[in-house]
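Peer 1: What follows is the residue order along each chain.
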Amino acid sequence: MRLLRYFLFRVLQMFPIALFIVVINFALIHMAPGDVSILLAGEGADPDYMASVRESYGLDKPLIQQLGAYIGQLLQGDLGLSFRTREPVIDIIAERVPATLLLAGTALVLASVLGVLVGTVMARRPGSALDAAVTTISISLFSIPVFWLGLMLILLFAVTLRWLPSSGMMSVAGPREGLAYGLDVARHMILPVLSLTAVWLGQYVRLSRSSVSETLAEPYVTTARAIGFSERRVMTGFALRNALLPIVTVLGLELGLLLSGAVLTETVFSWPGLGRLIYEAILSRDTPVIMGAFLIMSFTVMLAALLTDLLYATLDPRVRL
Amino acid sequence: MNPTVIKTIRATARSWTGVLSLALLLVIAAAALAAPVLGLPDPADMAFDLYQPPGAAHWLGTDNFGRDIFARVVWGARVALIVAIGAALLSILIGSALGAVAGYFGGWVDGLLSRVFDIFLLIPTFFLILLIVALFGASLPLTIVAIALTTWPRSARLMRSQVLTLKSRVYVQAALAAGAPHWWVILRHVIPNGIAPIVTDGTILMGMAILTEAGLSFLGLGDQNMVSWGSMIFEGQRHLRLAPWMSIAPGVALLVLVASLNLLGDSVNFAMNPQLRTRGGAPKRRRGVAPPADEPAATAGAPILQVTDLRLEYAAGDRRIAAVDGVSFSLPRGGSLGIVGESGCGKSSLGSALLQTMPNNAELTGGTIRYDGRAIVLDGKPVIEGGRSRIEALRWTRMATIFQSAMNALNPVTTVRRQMVDTLRLHRPGMTRDEATARIGEVFDMIGIPRSRMNAYPHQLSGGMRQRAMIALSLILEPELVIADEPTTALDMLIQDQILGEIADLRERLNLSLILVSHDMGAVAESCETVAVMYAGRIVEIAPTRRIFDRPAHPYSRTLISALPSLTGPLETLDSLPATGSAAAEGGCRFAHACPAATALCRSTPPPAVQLGGNHVAECHYAEEFAAEPVDAAEPTATEEACA
Amino acid sequence: MSQPILQLDSLRMVYADDTGLVSRLLGRADPPVIAADDVTLALRPGETLAVVGESGSGKTTAGRIATLQERPTAGRVLYEGRDVTGLTGAALKAYRAKVQMIFQNPYDALNPRLTVGQSLAEPLTLHGLVPRAGLRAAVLEMLEAVELRPAETFADAFPSELSGGQLQRIAIARALIIKPRVVIADEPVSMLDVSIRSGVMNLMRGIQRDTGVTYLYITHDLAVARYMADRIAVMYLGAVLEEGPAETLISAAGHPYTRLLIRAAPEHRATAVKRDRIRLPGDAASQTGQPTGCRFHPRCPLAQPVCRETAPPRVALGEKHAASCHFATEVRQNGLAAATAAAV
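Protein chains in written order, with the UniProt record's numbering: chain A, 1 to 321; chain B, 1 to 644; chain C, 1 to 344.
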């Protein structure tokens, strides 16, 4: 019940943010050089469609009414039609979401779990040579351009060694169902997941290293040791439990940043997800798709932030529900 | 120059990552600046030797148009640095200004601006940049502005939190109270003290900007008129199989530049806060020793705790500081000892040494601790018996502590009951949860916490209740010896008195032995039978309580006693130490530099432990003379003369 | 009797938690914090008035309002009889030249990027009191006055090179360098080591003897208040419960709270016999839910039904001595023990 109230409270807080994002989008369209109707309908669209776009977006009315019309369109789930395929943008995006979720989700879980593990182990030996080495490696890891790392992995494992496929999500003539299909997708996933995980891992190692070492210096950890709890219990029950709080916060805040890595990785590996879609849309100047993707990404990040907040609230009794 | 700035520069220069990254950055910056005069081939010059692998003519090979890749990488550094510096500067300027305004003025201004920062943080910035560049066309200035537009909230939030802390700083308050206008305070006090982390963060921002620009170029949204590493990789991708060197070189350049920036930021950050690197950690494994073969069996008359010549050192950088420097005392069963001293005298280190809970940078370097006649520390090493150190068998079941600041001494994310149940079941494995809860109820009753508060989290309790909960936790396993480290500091007067009273009651009822560590002579005077006064790592005087207050034999104890104003006694001018003592002398008495009665002998020879009879010992050359005169007849000190 | 130099007249200070619209809609707004409820104090030229109270009593708020660092929700601040509560601009600056402040934390008192000399010169520059050429001499003279010798060395030192006692002496010097008439000192020695404390207190007393400056001395420690002050005001939950000449107040307090504070002070001279402690009901005071009736009744060992219902009047107990308690006269005569016996 308290959690529900808190959830409602946070949802209400999201409304101004959502509105702001929509307004930014609207403002950008109108500030961009060129005719708005062409941006919305696409160059060389047939006059009938152009007219219907003008009508539905109220392009001959004052700006504020146009904004109203725009929001109205969005509320109906209408993100317009793609220039290229003339399909509704919302459908195109929906089709691509699962692939992105699969790729980014896998990498995120791997990077965060591995990162917290390594970070925790390093926090136990602060100042050691290993700790210094891991710190330097982590910093170098998140300094790598993810798309370049992808290319290098392709060069090594696909081009030179020929162990793994270099692009796509499945083999052209491969199986389409059952375990064999799953294994095929998994093989295709290895390289993109590896690039993303490597780049994200550095962040999580650094974050959990500093967070855990901070809690290890807290008086309640000293209490736990004085009581005689084993070092393992001190770690899990006292240090890690408290260190998770800042980790969860940053996880939620940086999701938007992470998604950019996913787009670039999908581009390199021709992974049929949202990122690849955006890339294709950029190449063909398909503005409705780019705008639609931006909106969907923004709402996804907002939703993720909301979920992080809830997770935080369940983890920390000090959050006022 | 300011000492902290010098210290930061020195510390950065000492770390090899700092030096290496700075050197790399200088090389890259020099190359970028000097690109036009290096005599390199024109990076846009197309030639017929396409796809040449790296060699003597072209160090890094040529690309699909026969352009020299080395030249292009050098010219690409210019773009990377322009983007980095431009975006970071712009972001810091906008961000710090807005962040400073939000933090300094607070109220609705802060509410509104913080909301804007939050919104920008929630927007997936890379996609916003994508959208802007896609809609407005690709050009370097636009890219820089677009990047800054999405990174400024980071600087703003950082500046805001800096200003929020700085605003409550006493020197800022004092400047305002002195009549300084807001702009003066911001320029002279707030910004100079708040800017360091923002500048450090600037290196991270630069790295982010470079990676973002490279990502945009890689997606084909780079400025077509410039040589950028991202667009080189964009082109190289299509020729990956034929000419992998086309993508390798610019990628390595990106990695080196961004990693250098991030490593430099990291080194400076650590140089400014050296404790970040070594804080926390798991307890060091300390080499143990076997119990002495000739150890006598425990006898009824043995003191419960006997400490002989204990030494504890802290490692601070390269220096070693002796916090406890040869301390000896013994505590009879059921007895109570107060350890009094001022901040930094080693009293808390001594307390932590007794339970072996000292932090990782502290180490026992000598001395013996015996519990009930059995050694638990020998020559500074833990005594191990049957594969288990002896202290482990004593922890909490026989020897417990009450820590200061119970706010943080209890785990904030579990309920008070849960922490106590866990403690009980750790040491009494057979105990059921119900039995444990019943026992907790008993202890709560004894200490005066309503049972209904059992399920509260520490933050839900008031300061006094929290301290009581800490006491309950320490007594839950019925220990014989309790070490209380400043148990009432930071509590209000009435509560403080109540808790000291409760500790005294419990001691009587449970026949506890007590060590009370405190800076407060008054608290100790009433709760302890014996008082030890610590100064600079040593017990300079130890005596039965009445005796030390009536006839203190060490000038430092005399100062501590006569420096406290009395509430009900006669009103007299207080003694004090001079404001400016000379530096502590090597070799002589530790207190000589501040002692109003120091002589040449004190400055040259360490004082012996003078036995004054009746368990009264003082480390002062003139202990007997001092003990002969009661404290109220003490001669006036320098300060008093100055005031008169 | 001389005219008071500084008066706080029925000050009230309420901090309403500034929560957003959404939280107010959901009824999640925090209750307002009443930091000062009804504070009336008067300072006479050349005297020291100590304000004693525990954390949350409003003593610090009273001090911050007296220096106009904060403006009260209601009530007035009077300087030499003139209302200064709403001063701004040049008039406020002129007021600040007359009423200065010394803060609690010496380790934070000086800008770490400035030398001691620069910090000390700042108030002089701000008020244009000394020509630029004379700044150094004025700074050195002030350092001598707070016994930091050699003054040259201290003027060129950075704060990180000095000890807590030295820093607090510099903070005092900074407050006094523009020769204010009133100094509000908020717990100036509570963060210092005992052996250093008395030196700072003696210094402040000496300066008062020499210059006739007026102190409002805020502290939690009655013994310190007695040492420093001519008069003492005891505050609790935003109001003054008792006020009187220092010796009178300590020897014949009329409010149970004052009596309890006196009892709770540990007597360090071991000649005193062990005190009996009274187990108090209730816990530390909370600033949000003000009790009805007497604000101290939940913790008072003498509380009667009337205390729960009616706010006590201010009872005059003698010259300049008054306490807000229904039983002030009885408590002054019989103390706590006798009164407890009578109440049971």
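Take these hints with a grain of salt, some might be off.
[Said to hold, decoys possible] List of simulated lysine-lysine pairs, DSBU-like, C-alpha gap at most 30 angstroms:
1. C/Lys98 x B/Lys7
2. B/Lys381 x B/Lys284
3. C/Lys179 x C/Lys93
4. C/Lys320 x C/Lys98
5. B/Lys381 x B/Lys7
6. B/Lys284 x B/Lys167
7. C/Lys179 x B/Lys7
8. C/Lys320 x B/Lys167
9. C/Lys179 x C/Lys98
Honestly, the hints are just simulated from the structure, not real lab data.
Peer 1: Hint by hint, note whether the structure agrees.
Peer 2: Structure-based check of all given hints:
About 39 angstroms separates the Cα atoms of C/Lys98 and B/Lys7, which puts this hinted pair outside 30 angstroms; it is violated. Proximity of B/Lys381 to B/Lys284 is assessed by CA-CA distance (about 12 angstroms); at most 30 angstroms being required, the pair is judged to hold. Under the criterion of a C-alpha separation no larger than 30 angstroms, the hint pairing C/Lys179 with C/Lys93 is consistent with the structure, at around 14 angstroms. Between the alpha carbons of C/Lys320 and C/Lys98 the distance comes to roughly 26 angstroms, so the proposed pair stays at or under 30 angstroms and holds.
Of the supplied pair hints, the one linking B/Lys381 and B/Lys7 is violated, its CA atoms being roughly 36 angstroms apart against a limit of 30 angstroms. For the suggested pair B/Lys284 and B/Lys167, the alpha carbons sit about 40 angstroms apart, so the restraint of at most 30 angstroms is broken. With a CA separation close to 37 angstroms, the supplied pair C/Lys179 and B/Lys7 exceeds the 30 angstroms bound. For the hint linking C/Lys320 to B/Lys167, the alpha-carbon distance of about 39 angstroms lies beyond 30 angstroms, and the restraint is violated.
Using a Cα cut-off of 30 angstroms, the hinted pair C/Lys179 and C/Lys98 holds, with the two alpha carbons roughly 7 angstroms apart.
The structure fails to meet hints 1, 5, 6, 7 and 8 from the earlier list, while all remaining hints are met.
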